[in-house]
Amino acid sequence: MNELLNDLKINGILKGIGKPEQLKNCRKSTFSRRIDEEHRLVYDIKDNHIRILSCEGHYHDKNFDEY
0 MNELLNDLKI
10 NGILKGIGKP
20 EQLKNCRKST
30 FSRRIDEEHR
40 LVYDIKDNHI
50 RILSCEGHYH
60 DKNFDEY
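Just so you know, we're using this note's numbering here: the sequence shown kicks off at 0 and counts up by one.
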């Protein structure tokens, strides 16, 4: 997970490892990166701060608008 976060700082929101993508049906500031086949790192970017929303499971299983 630290590798994904460091890569995010270096390469930006939509480039780098973990197949970064903006989540549909969420805020425009919510993104995910693949940890492995089962788990995704889901995070929100606000005022240049990264807020981790989830790092276990898949984002299809959760509603991130509540965060």
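Just so you know, these hints were derived from the structure itself, not from any lab.
Because the structure is a prediction, the values reported are computed rather than measured.
Errors might be hidden in some of the hints.
Label-pair distances were calculated between CB atoms; the ranges are [stated by the list, open to error]:
1. Leu4 to Arg26: 15 to 21 Å
2. Asn24 to Asn1: 27 to 33 Å
3. His48 to Lys14: 16 to 22 Å
A virtual CB, placed ideally from N, CA and C, is assigned to each residue, including glycine.
Now for the hints, and whether the structure bears them out:
1. Leu4 to Arg26: 15 to 21 Å: holds, 19 Å
2. Asn24 to Asn1: 27 to 33 Å: holds, 28 Å
3. His48 to Lys14: 16 to 22 Å: For His48 and Lys14 the Cβ distance comes to about 19 Å; the hint holds.
The structure agrees with every numbered hint stated previously.
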